[in-house]
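Enquirer: Listed here are the chains, written in short residue letters.
2 protein chains.
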Amino acid sequence: MQKITLGAMPFMSVMPTLLVGANVKGKPNYMTAAWATVACMAPAMVCVAVNKMRYTAKGIEENKTFSLNIPSANQVVETDHCGLVSGSQEDKSEIFRSFYGKLKTAPLAEECPINIECRLFKSVDCGSHLLYIGEVVEIHADTACVTDGKPDITKINPIVYAQLTYFDVGKQVDRAFSAGKKYTKK
Amino acid sequence: MQKITLGAMPFMSVMPTLLVGANVKGKPNYMTAAWATVACMAPAMVCVAVNKMRYTAKGIEENKTFSLNIPSANQVVETDHCGLVSGSQEDKSEIFRSFYGKLKTAPLAEECPINIECRLFKSVDCGSHLLYIGEVVEIHADTACVTDGKPDITKINPIVYAQLTYFDVGKQVDRAFSAGKKYTKK
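Note that the protein sequences, when read in sequence, are chains Z and W. Residue 34 in my numbering is what sits at position 34 of the first sequence, and the numbering runs on without skipping anything. Residue 135 in my numbering is what sits at position 135 of the second sequence, and the numbering runs on without skipping anything.
Simulated from the structure, these hints should not be mistaken for lab results. Here the structure is a predicted model, which means the values were calculated and not measured. Be a bit skeptical, because a hint or two may be false.
You can't tell identical chains apart in this list, so a pair holds if it fits in one copy or across any two.
[Stated by the list, open to error] DSSO-like mimics (lysine-lysine), calculated; alpha carbons at most 27 Å apart, straight line:
1. K155 / K3
2. K58 / K122
3. K181 / K27
4. K185 / K3
5. K3 / K27
6. K3 / K52
7. K155 / K182
8. K64 / K102
9. K150 / K3
10. K52 / K27
11. K171 / K25
12. K122 / K171
Pulled out of the complex, with its shape left as it was, chain Z reads as follows (with noise of 0.2 Å):
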């Protein structure tokens, strides 16, 4: 394997495709994004990247609260669209039916099949953008997506964002915690 250098670029191999929910002047308002993941295990923590000149951050600042929308593949169109344009140019209040939940200023997407509430822990400032770590207060599932009280990925069928495109996820390669077992020393 010859291997190059393609210099310092912001890559990650694969992304969930996600809307990051937020109250804006006291609007709901949707961001589309794919630089999330899970912070921490105790307390339960996810963490998204968002720019600061975005208007969602204004409505994470004001509030201290947002939420991480899971669209499903089906959802294409709207999440993309949520991406496209500035709540600061459009209402976009009104592409998703909003509720609230324990924190009552997080909007959560109705259509979403899951809903992460969270509460600002700390936002990191890393130049272009500040990355929101948030304590998940709580998980909201669309009760036809849950098997065993957890979020069931073949139900929800998620957006999988790799290389400025979206798919979905493929079939079942291995299982974690588990593969590992057949390894054998070189």
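Following the hints, complete the assembly by docking chain W onto the known chain Z.
Expert: Here is chain W on its own, set in the frame of chain Z:
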């Protein structure tokens, strides 16, 4: 759609599967991880959550450098193995051939098609986990996995992680920054 609450849990729909590389006591060590994403565009940054008790955490704290190595689906056994055993119990320095880039102390796994070489920018104590935010100083790529100077996901064939299972990337759903143009107000 009927919604129920599932309580607070560290949930994310889909995540990348990768190996966090760090030198611990002068030896390369690789730890399987999925809680990672891009943290910033400019400068380019990535982040990864690592349990405080992990052997890898010692190496990152020691050198202030680390790497994120993206394996292919055909490396799932070696990859998962690195998550089953701790470097404190087993020397994992021979599972992959290591090489070094600009930083000299962040081991890069030769067999992985993409290596993201990082200088520690900040570590955020979230509770059980430290969220390591690293500035990307270089991307090393297998020449066979590059198209037009960028890593090519279709050639890398990365592993998607979701609910304790490894998946491959499925079929294209739509194009980002494009699908939303089909949106019409309801």
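Enquirer: So, for every hint listed, does it hold in this structure?
Expert: Evaluated hints:
{"no.": "1", "hint": "K155 / K3", "verdict": "between (39 Å within a copy, 14 Å between copies)"}
{"no.": "2", "hint": "K58 / K122", "verdict": "both (15 Å within a copy, 24 Å between copies)"}
{"no.": "3", "hint": "K181 / K27", "verdict": "between (51 Å within a copy, 23 Å between copies)"}
{"no.": "4", "hint": "K185 / K3", "verdict": "within (24 Å within a copy, 48 Å between copies)"}
{"no.": "5", "hint": "K3 / K27", "verdict": "between (49 Å within a copy, 22 Å between copies)"}
{"no.": "6", "hint": "K3 / K52", "verdict": "neither (35 Å within a copy, 32 Å between copies)"}
{"no.": "7", "hint": "K155 / K182", "verdict": "between (29 Å within a copy, 25 Å between copies)"}
{"no.": "8", "hint": "K64 / K102", "verdict": "within (13 Å within a copy, 39 Å between copies)"}
{"no.": "9", "hint": "K150 / K3", "verdict": "between (41 Å within a copy, 13 Å between copies)"}
{"no.": "10", "hint": "K52 / K27", "verdict": "within (19 Å within a copy, 39 Å between copies)"}
{"no.": "11", "hint": "K171 / K25", "verdict": "neither (43 Å within a copy, 39 Å between copies)"}
{"no.": "12", "hint": "K122 / K171", "verdict": "neither (36 Å within a copy, 36 Å between copies)"}
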